[in-house]
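Could you slot chain B onto chain A? The hints should help.
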Amino acid sequence: MSELSDNVVSPQMPTLDPAFGLDRWRAYDWQLIPPEPTPPLMNMALDEVLTLRVARGERAPTLRIWGWTGRCIVLGRFQSVRNEVNETAAQANGVEIVRRISGGGAMFIEPEGAITYSIFAPEAMVQSMTFPESYAFFDAWVVEALRELGVDAWYAPLNDITSSGGKIGGAAQARRGGAVLHHTTMAYQMNIPLMLRVLRIGQEKLSDKGMRSAEKRVGPLRQQTARSRDAIIAHMIEHFRHRHGLTEGAVTPDELAEAERRVKEQFGTRDWIYFLP
Amino acid sequence: MHGEYKTPNGKLIAVDFAIAGGKLRDVMVTGDFFLYPEEALTDITGALEGLPADLSISEMAEQVRMAMPRDAELLGSSPDALATAVQRALAGEQDRPEADREQDPA
Chain A
4 MSELSDNVVS
14 PQMPTLDPAF
24 GLDRWRAYDW
34 QLIPPEPTPP
44 LMNMALDEVL
54 TLRVARGERA
64 PTLRIWGWTG
74 RCIVLGRFQS
84 VRNEVNETAA
94 QANGVEIVRR
104 ISGGGAMFIE
114 PEGAITYSIF
124 APEAMVQSMT
134 FPESYAFFDA
144 WVVEALRELG
154 VDAWYAPLND
164 ITSSGGKIGG
174 AAQARRGGAV
184 LHHTTMAYQM
194 NIPLMLRVLR
204 IGQEKLSDKG
214 MRSAEKRVGP
224 LRQQTARSRD
234 AIIAHMIEHF
244 RHRHGLTEGA
254 VTPDELAEAE
264 RRVKEQFGTR
274 DWIYFLP
Chain B
11 MHGEYKTPNG
21 KLIAVDFAIA
31 GGKLRDVMVT
41 GDFFLYPEEA
51 LTDITGALEG
61 LPADLSISEM
71 AEQVRMAMPR
81 DAELLGSSPD
91 ALATAVQRAL
101 AGEQDRPEAD
111 REQDPA
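Note that the protein sequences, when read in sequence, are chains A and B.
Just so you know, our numbering puts 47 at position 44 of the first sequence, and the rest follows in order with no gaps.
Just so you know, our numbering puts 109 at position 99 of the second sequence, and the rest follows in order with no gaps.
Just chain A, same shape as in the assembly (with noise of 0.2 Å):
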């Protein structure tokens, strides 16, 4: 992580009734991709081939937590590559340059330093929600699970999990064929001055957040818990179970092959990463 583009001071949310939408999660019998180290390409090709089968119904609904083989800057769907990335440093520091499906900013991301996962639904789940909404309600069993570990954690709309120490995390969502994808990456610990290196952060983007400097915008989660990346990674998981039911599973044989293909054709072809360049 990460994006340096959130509420960091914004008002709470009204308190949402902790039970609030259990039942639609609880009508779903959850799945569990565990996390394995899987390079960049692959894990935005292995978010839109999943998301299609639970569209399809091939699979069930899915929280995938996620692995990384390297360092990368992951653009959001609309972001130009050269406003949001010194491609010159990256190429120096070994940091490869994906796009992903969802809206949203850019994160710089390091194997260790991140906790990101994706939750994929049938778009049945949060009918009748505004998107808004709909970003607060999948990413609320996670501001839970902070907060059983001591983190001040609040849900700051459109898209932010963040905390009285600084902003920890954001989210994307994209929707195919009947399927939501919510996507969340948190920071862990941050390697700040490579970040600012790799990223360009204008000044547009900080004008409406006072004069702060990136460092105390933000929160890592080392620098809130004294809890280790896997660690804090088992807690959630086994917050998640409790509060809607989950089954260990994995990415079949199939849908890798399938993501593999799609890297091929579109996740790792300049037309996909450059699309806005």
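It is possible that some hints are incorrect.
[What the hints assert, rightly or not] Each computed SDA-like pair below joins lysine to any residue, with the alpha-carbon atoms no more than 25 Å apart:
(1) B:33 - B:81
(2) A:267 - A:58
(3) B:33 - B:62
(4) B:33 - A:280
(5) A:267 - A:126
(6) A:267 - A:25
(7) B:33 - B:106
(8) B:33 - A:278
(9) A:267 - B:48
(10) A:267 - A:114
(11) A:267 - B:105
(12) B:33 - B:105
[Said to hold, decoys possible] What follows is a set of in silico ranges between Cβ atoms, one per label pair, in the way DEER data are often shown:
(13) B:49 - A:60: 49 to 59 Å
(14) A:30 - B:72: 51 to 61 Å
(15) A:196 - B:102: 53 to 63 Å
(16) A:192 - B:53: 22 to 32 Å
(17) A:96 - B:53: 35 to 45 Å
(18) A:96 - B:28: 48 to 58 Å
(19) A:244 - B:60: 29 to 39 Å
(20) A:151 - B:28: 51 to 61 Å
(21) B:102 - A:60: 48 to 58 Å
In case anyone wonders, no lab produced these hints; they're calculated from the structure.
Yeah, the Cβ is synthetic: ideal placement off N, Cα and C, and Gly gets one too.
Below, chain B without anything else, positioned relative to chain A:
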């Protein structure tokens, strides 16, 4: 030309274009906004393409609004924010980063 506008407590929208014969050409709209469906970006960009550069912000915003599909949702930004970015580009206040400028590796 390059212009940007960040909606307070929202997202950044940026626009790049050239001017030919007093009209906007080669328009590219980018940013960290959310847009559903994603394909509506083509409609938004297309609305600006060929537009006279001397339209007001509200006239440009109206062109963008009319070009968007009825069910499209632009979150964190707006047609008015985009039109403001166009006006800023025309005023020449903001530069796009150079293609391969090396930032100070502090």
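Structure-based check of all given hints:
| no. | hint | in the structure |
| --- | --- | --- |
| 1 | B:33 - B:81 | violated (29 Å) |
| 2 | A:267 - A:58 | holds (23 Å) |
| 3 | B:33 - B:62 | holds (4 Å) |
| 4 | B:33 - A:280 | holds (22 Å) |
| 5 | A:267 - A:126 | violated (28 Å) |
| 6 | A:267 - A:25 | violated (39 Å) |
| 7 | B:33 - B:106 | holds (20 Å) |
| 8 | B:33 - A:278 | holds (24 Å) |
| 9 | A:267 - B:48 | holds (22 Å) |
| 10 | A:267 - A:114 | holds (23 Å) |
| 11 | A:267 - B:105 | violated (35 Å) |
| 12 | B:33 - B:105 | holds (20 Å) |
| 13 | B:49 - A:60: 49 to 59 Å | violated (24 Å) |
| 14 | A:30 - B:72: 51 to 61 Å | violated (43 Å) |
| 15 | A:196 - B:102: 53 to 63 Å | violated (33 Å) |
| 16 | A:192 - B:53: 22 to 32 Å | violated (41 Å) |
| 17 | A:96 - B:53: 35 to 45 Å | holds (38 Å) |
| 18 | A:96 - B:28: 48 to 58 Å | violated (33 Å) |
| 19 | A:244 - B:60: 29 to 39 Å | violated (55 Å) |
| 20 | A:151 - B:28: 51 to 61 Å | holds (54 Å) |
| 21 | B:102 - A:60: 48 to 58 Å | holds (54 Å) |
In summary, the numbered hints that this structure violates are 1, 5, 6, 11, 13, 14, 15, 16, 18 and 19.
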